[in-house]
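Novice: If you want the building blocks of each chain, they are given just below.
There are 2 protein chains.
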Amino acid sequence: MNKIMIGGKPVEAFMEEIRKFHGWVAPGVLLGGFMVDYALELVGQEVEADAIVETRFCLPDAVQLLTPCTCGNGWMKVLDWDKFALSLYDKKNRQGFRVRLDVGKTAAFPNLYNWFMKLVEKKDLPLEVLNRTILEAGREVLSADPVTITRHYAKIKKGKTGVCPSCGEAYSLRQGALCLSCQGDGYYQIESPAEIFLKQAVSY
Amino acid sequence: MNKIMIGGKPVEAFMEEIRKFHGWVAPGVLLGGFMVDYALELVGQEVEADAIVETRFCLPDAVQLLTPCTCGNGWMKVLDWDKFALSLYDKKNRQGFRVRLDVGKTAAFPNLYNWFMKLVEKKDLPLEVLNRTILEAGREVLSADPVTITRHYAKIKKGKTGVCPSCGEAYSLRQGALCLSCQGDGYYQIESPAEIFLKQAVSY
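Quick mapping for you: the protein sequence lines, in order, are chains A and B. For what it's worth, the working numbering labels the leading residue of the first sequence as 34, then goes sequentially. For what it's worth, the working numbering labels the leading residue of the second sequence as 34, then goes sequentially.
Think of the hints as simulated: they come from the structure by calculation, not from any bench. All C-beta atoms in this analysis are idealised placements derived from N, C-alpha and C, irrespective of residue type, glycine included. Some clues are possibly wrong.
Unchecked claim - Cβ-Cβ distance ranges computed for the label pairs, FRET-style:
1. B:143 <-> A:156: 13 to 23 Å
2. A:41 <-> B:36: 28 to 38 Å
3. A:43 <-> B:184: 37 to 47 Å
4. B:165 <-> A:189: 41 to 51 Å
5. B:137 <-> A:160: 44 to 54 Å
6. A:57 <-> B:125: 12 to 22 Å
7. B:187 <-> A:41: 35 to 45 Å
8. A:195 <-> B:195: 37 to 47 Å
9. B:45 <-> A:156: 41 to 51 Å
10. A:37 <-> B:165: 36 to 46 Å
11. A:42 <-> B:143: 44 to 54 Å
12. B:209 <-> A:209: 27 to 37 Å
13. A:201 <-> B:225: 54 to 64 Å
14. A:160 <-> B:77: 42 to 52 Å
Unchecked claim - Only pairs whose alpha carbons sit at most 25 Å apart, straight line, appear in this in silico DMTMM-like list of lysine to aspartate or glutamate:
15. A:53 <-> B:81
16. B:42 <-> A:50
17. B:191 <-> A:135
18. A:193 <-> B:157
19. B:53 <-> A:50
20. A:191 <-> B:113
21. A:125 <-> B:161
22. A:188 <-> B:50
23. A:193 <-> B:161
24. A:190 <-> B:161
25. B:191 <-> A:161
Okay, chain A solo, but in the shape it has when bound:
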């Protein structure tokens, strides 16, 4: 077998990067590596490309490891669509390529098909076996189309900043007269340190 390269380096080095960044060598990020590598080759390394990822699971981390696009710099947008696909496109003319895991093509790799379609329990398909299948499959399970991006390409601008009259914290005025937390979307309850201490004492 020829040496497998992802993002210009041996796949073993890429797998180590996955482990460090993502916490473990998740099959979705490994497979995603082949997808991003393919998309980069199609778009051309000389193109300054933005990314749209169609799932929040795993795939965004492959994009973040192999391209300059990150969650926080605005060059990668993540759609919560649960589709294992991504587009890289030239931010100047919105032309690029969409690469997807092609479920039809996975039929030749039953481990990959069974994992992707959730037909097998984790305990019955060890990670090492699944990842070996992914390395064997490589681009053979992918499909790509040239695309023109028609939505989600605009840079998201921050709105004007104000101070929420309820909590006194800064927020973007485009959220309304109050910040979203004070509008009822809050996700936390502030505790006094003593309460934290008591709860911990009770839990022992």
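For this one, chain A is given, so just place chain B on it according to the hints.
Specialist: Just chain B now, kept in the frame of chain A:
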């Protein structure tokens, strides 16, 4: 001035990591570094912490650089709230700390205040000057509260996978009878390679 440490390393090394990952040493990621570093100290390094970030701008990258939480591994959730705040919390008992940029405290650092409240043009506040102010301010412009997380803490599960009867691509059945793209949310138009070629020819 004592050596400034972020995430256990000199801030200069952290700034180099920002440049490599985020593309440039964005003030929001640098400031975010102080916030994440503070939250990690409060929560305790021995705690396996999940993250909730209250803005999609910059701050998620500080979390990704300094904690095991990433966009793709599900340990970091990003709320599109436009508030410069984040919580790190123990995933077992949902107790942790919320750290925010405290706009009241920035009054002592006019560059920081003016940048954060968007009162100054980029050309009138060079990046180097702003970042120097952020290094001077450090935690002095932050506030922290002990919190219990009441929402958004659950691990997001993937739904059952099916094949969309319209496009033939795999998607999560929880999205409905068709994938979201075929429901009308599509963001791309597939081009034949010849069309791409013609458009490029015209644009020259």
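Novice: Going through the numbered hints above, which ones does this structure break? Give me the numbers in ascending order.
Specialist: The structure conflicts with hints 1, 4, 14 and 21, although it agrees with all the remaining ones.
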